[in-house]
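One letter stands for each residue in the lines below.
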Amino acid sequence: MFYFRCVIGNQLSAANIECDLLMCIIKVKNLSRHFDGFVAVDNISFTVKKGEIFGLLGPNGAGKTTTINMLSTLLKITSGHAEVAGFDISKNKDNVRRNIGMVFQEPALDNKLTGRENLDFHAMMYGIDTVTRKARIREIFDLVELTDKADVLVENYSGGMKRRLEIGRGLIHRPRLLFLDEPTLGLDAQTRRHIWEYIKKLNKENGISIILTTHYMEEADYLCDRVAIIDHGKIVVMDSPKKLKDILGGDVVSLETDENPEKFISLLKELEWIKTIKKHDGFLDLTMDNGEKKIPELFNIAQSVRTKISSISLHKPSLEDVFLHFTGKTILEQEASQGEKNKKLMMRRMGR
Amino acid sequence: MINIKVVYILWLREMKRFFRAKSRVIGTLGMPLFFLAFLGFGFRGMPIPGLAEGVGYIEFLVPGIIGMSMLFSSMFAGISVLWDREFGFLKEIMVAPVSRVSIVIGRIAGGIMTSLFQAILILSISILMGFKITGISSLLWAVVFLILISATFIGLGLIFASRMRDIHGFSLIMNFIIFPLFFLSGAVFPFDNLPGWVRGLSYIDPLTYGVDGLRGALIGISSFPLIYNFTILVISSVAMVLLGTYFFEKSEYV
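Each protein sequence line maps, in turn, to chains A and B. If you're matching positions, the first sequence starts at 0 in numbering that gives the first Met the number 0 and goes up one per residue. If you're matching positions, the second sequence starts at 0 in numbering that gives the first Met the number 0 and goes up one per residue.
One should not assume that every hint holds.
Residues from chain B shown here face chain A by an in silico Cβ test under 7 Å; the list is partial [unchecked claim]: (1) K90; (2) V94; (3) V253.
Simulated from the structure, these hints should not be mistaken for lab results. All C-beta atoms in this analysis are idealised placements derived from N, C-alpha and C, irrespective of residue type, glycine included.
Bound-form chain A, shown alone (with noise of 0.2 Å):
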């Protein structure tokens, strides 16, 4: 039950939007939202391509959720424009949140009905019909492998189980499109996991674009097709992970080498494969693509040489290394002073 909106507003078809509505299932032009005396998005632009997975990636409090909520029509916007699943979020509430299925950070489920209540709230709120609830319904359970807890309330489902209740959930519909913010927030390793390969199964199998918030890098780089850092409000980069960590120049091999490797140096400045090469107290670091491949032949060049190297160390670039080279602080720092910031504002707001 979905049609297209033919005519695109003028603000969207300016050049800086690359994809047309045909390609896109999210379209967001200079958004922005203020809670009193504070920024939390700060006129972000975006798009998502139909199919795809799209992560926000960011620390505590940089707006990712308030991000999502605008765009699921939980929030209003201050400024901007925003269209999902053809339709403006301010104007056309009704049919996005049709075309959309929503995961939210902490646990919205009545704790005091069971799983099967809990999706057959869902499906009645969404207009699904007897025959094709019950069918859906035993689907998702399957799915979800809850289905041997589909009758138990769900306050003593795990924290896991919760969790793969409300994917579940946000299916029943079957959306365009499904929110995820943090989905694997206080979950553990292996939940997680599953909860990652669930993701992907979904978008490759049943061609669901996500859009997912999170905080863990290595969530981010598992999981999405483009990655959009966020920081303070603001997109510091986008781009798909690859490209990202590409931006840094590829693996550094740090060598531990002995006193006078200048004639070491000399070879290795002579190979094309190698990018740079940095050298500061005893170490050489050299930056180069596919390192692990490229780690013996270094040795067969040293031996050559008879330049001995007493240890040897490969570091592949992480989003957690794109975050910084573009905010110059890690996630954790930056978490940690956001939630500073945060105390002050509670602070304050306690104090009215």
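For chain A, the structure is supplied; the task is to place chain B on it using the hints.
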């Protein structure tokens, strides 16, 4: 605009939650029953000025206590939006593609039903204590008044809920809104005994007409004509429901 299926599922959820929380059922019955028992037996046979000829205090008190139970449970049902917010479930409701009016009507329908259930329980216990009702038509009239009282105060509860960040302000509302509304209504004594300016407040308390209407319906004696009470309550319930819906729609629940 109003989606019956949505109203039904919200109502059903309220019913399931209510009857699963046995302690809630018993807990909400406790206060009205204690009021009824202790005030009823405590003041039994005492001359109370302003009471109509031939009306015992128990007869006078029972409709008042039923009105009180409606006030408490309905305000609570309105404010319980905040509990849903606290536990995150409100977001699940708000993100669904349904009109906000349907959501409010669903909550009101659920709230009326649970409040009505409590009122009928109290009435049944009163009958066991010796309270007499005049007949089936008086019972039907009482139900009409109960529904109107409930709608009025659920609407009011929704207004308060939309103005509050969390449930910590609830005790404030309990002490400074709910209790004054209860005492001003003349639920436990004839409000004519109040000093002049306070009596003025009684006239703007919808519960005054609710309790008076219940008395008219159940024991056949009231300060105002039944139809007068009925009209005022219809107006107050429509106004409160509309205002409650307006405020509910306006506020953000994340």
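request  = Enumerate the violated hints, using their earlier numbering and listing them in ascending order.
outcome  = Structure breaks no hint.
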